[in-house]
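Take the sequences, apply the hints, and build the full model.
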Amino acid sequence: MIRFLLKGLLRDRSRSLFPILVVIAGVSLTVLLHGWITGVIGDMVNSNANFSTGHVKIMTKAYAENEDQMPNDLALLGVDEILTDLRKRYPDMIWVNRIRFGGLLDIPDENRETKTHGPAMGLAVDLLSNKSPEIANLNIEKALVHGRLPEKPGEILISDDFATKLGVSPGESATLLSSTMYGSMAMQNYVIAGTVRFGVRPMDRGAMIVDISDAQLALDMSDASSEILGYLEDHIYDDAKAAEVAMRFNAEFAGSEDEFDPVMLTLREQKDLASYLDMASGMSGILVFVFVLAMSLVLWNAGLIGGLRRYGEVGVRLAIGENKGQVYRSMIYESALIGVIGSVIGTAIGLGISYLIQVKGFDFGSMMKSSTMMLSNVLRTQITSEAYYIGFLPGLFSTVLGTMLSGIGIYKRQTAQLFKELEV
Amino acid sequence: MEDSKIILIDALVKQFPIGGGEFTALDGIDLTFGKGEFAGVVGPSGSGKTTLLNIIGSLDTPTDGRVSVLDQSIGDLSHKKAARLRNEHLGFIFQTFNLLPVYTVFENVEFPLLLLKMTAASRKNAVQDALEWVGLSNKVKSRPAQLSGGECQRVAIARAMVKRPEIVLADEPTANLDAENSHNILQTMEKLNAELETTFIFATHDEKVIRYLHRKIHLEDGRVVKDELIDKKN
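Residue numbers (this note's numbering), protein chains in the order written: chain V, 18 to 441; chain L, 1324 to 1557.
Any given hint could turn out to be false.
Claimed, not checked - Quick look at which bits of chain L chain V covers, simulated, 3 or more residues with Cβ under 8 Å:
| no. | stretch |
| --- | --- |
| 1 | 1398-1406 |
| 2 | 1409-1419 |
| 3 | 1426-1438 |
As the list claims (entries may be wrong) - Cut-off 27 Å, straight-line C-alpha distance, at most; resulting in silico cross-link-like pairs (DSS-like, lysine-lysine):
| no. | chain 1 | residue 1 | chain 2 | residue 2 |
| --- | --- | --- | --- | --- |
| 4 | V | K159 | V | K148 |
| 5 | L | K1403 | V | K24 |
| 6 | L | K1447 | V | K24 |
| 7 | V | K182 | V | K132 |
| 8 | V | K148 | V | K258 |
| 9 | V | K105 | V | K258 |
| 10 | L | K1462 | V | K24 |
| 11 | L | K1514 | L | K1462 |
| 12 | L | K1464 | V | K24 |
| 13 | L | K1440 | V | K24 |
Derived by calculation from the structure, the hints in this document are not laboratory data. Quantities reported herein were computed from a predicted structural model and do not represent experimental measurements. Each residue gets a CB set at the ideal place from its N, CA and C atoms; glycine is no exception.
Structure (structure tokens):
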């Protein structure tokens, strides 16, 4: 009997090919859409975590309140001790300290006179230690455009766009003019080791990356840092884990009103990312829901038309001796088979296109010239484990639901009524 | 019940809701059919022929009265039991043939046997026999679209007969056929009736069919107005 029904299914293209094509189209679009949303959200989270927020970030309470102004006079002190303590208490996490600062980068000519200068957004990270995680965090090796990574103190990286703007090349000197954490003027000479392009507009506009020891020396911030960033195991942001770590850390300082006490914020709690993440996650859910709904309607309609077309067949089958339950179930099995085949092919196509976009990406750099969001210029899809099964939701669920709903009409009819309709 | 009586209809009433009221399609029908009859319910459109056939075929249920087919009370059958009765004991022939278009002649005739869970070998033999009865052994691989109307109806007869049912119900089986094909079909059914002792009950107002009947039950406005036996020897 199953073989008999399969034969009919295969031979009747309006029952097999058309619904399968509809399911394939819907499923592949669902998988692609999911991959795109996941990719954009994931990129946003990763970019922010790597360049700015970490998965958790420790600052003084006072610094945290005015973080945008990079108030290094409110920086954390005794950073080495805090880091040692954190690494002992949270051994699975990666902890790094950073200094953010602003300043003017001055490029001298052969007479040591100012040739050109420009405002720099400084980021001091551990560039020189052997096992510094920061090279990987910031993806510096891949971001290098010209020159090389700093190998000794006094060497810096600047963004390639900034270098072009200043007319400077690797190997040339640059002088940083800034202020120390105590408000005095800071001036330090560096050699530009290389230029970088992160593909993140705020960083590519005017970034200057310096080793943290050099920055501590220049800004008079011995054993001090603007912030300490923590990264969870596997470098994947997990809001619940981050919140738990932050809660435990902050509990120690609960009740204290000292504005120089450290405070730990999760990625979600920084830069209004909570509302963005919620919105993105909500949007993702809504889009998938709308898609499932649209697919349901399309497939319901297809099922209904198919069902109406098959009144004759249903009537004959009932007259010959199949009971309504058997007919109804066979239609459900048929739609489940179509759903599975369509979902498998659709998922494969969706994954294939997603993979291409994951590798190639779409460059939106020209549209984000003045963006301050830590978002890559090149947006990509991201294939996650969910992408392998999410398409089955509309593909299988909607198809079966559509057939179930349309089939009820047939199932509920009086047998004689069906008979009469097929005679007509 | 007499042994030879396989269908007993007692004070059958069938009403359908129409608007706010009810339309009485069958109004107090009393009939019996014996094994091997070649009978027809004749009458104008709307006289209740198809409704009567539907109830005998367990496709519908009586509003009142009792219909017993092969000792099973139609009104008391569950959907499953009614399906089993149709599957095991009844064959249907429709006005519009109602063959399944994506299946071959062989597969269309084979279908009822699949429901009876017969083995492949038994099915093959039974289908070949049935196609031989209707003279379509050379068309096993054809699809319905490749057949003439007469051939399609012969396939439908083979499908109805393949499981050798006790009763075949034929609703206007010649309505879509020309005179020659109608006679061929009716001769085939008459032959099967004689050879296999299958009871044939027709619903028809076609004179070509009526001429072949051994018993004519005249229906008007849901009532039996005349029930006559035809002596075919004369």
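Each hint, compared with the structure:
no.	hint	verdict
1	1398-1406	holds (count 4)
2	1409-1419	holds (count 8)
3	1426-1438	holds (count 7)
4	V:K159 <-> V:K148	holds, 17 Å
5	L:K1403 <-> V:K24	holds, 26 Å
6	L:K1447 <-> V:K24	holds, 17 Å
7	V:K182 <-> V:K132	holds, 12 Å
8	V:K148 <-> V:K258	holds, 25 Å
9	V:K105 <-> V:K258	holds, 17 Å
10	L:K1462 <-> V:K24	holds, 19 Å
11	L:K1514 <-> L:K1462	holds, 21 Å
12	L:K1464 <-> V:K24	holds, 14 Å
13	L:K1440 <-> V:K24	holds, 18 Å
Violation of the numbered hints given earlier is absent; every hint is satisfied by the structure.
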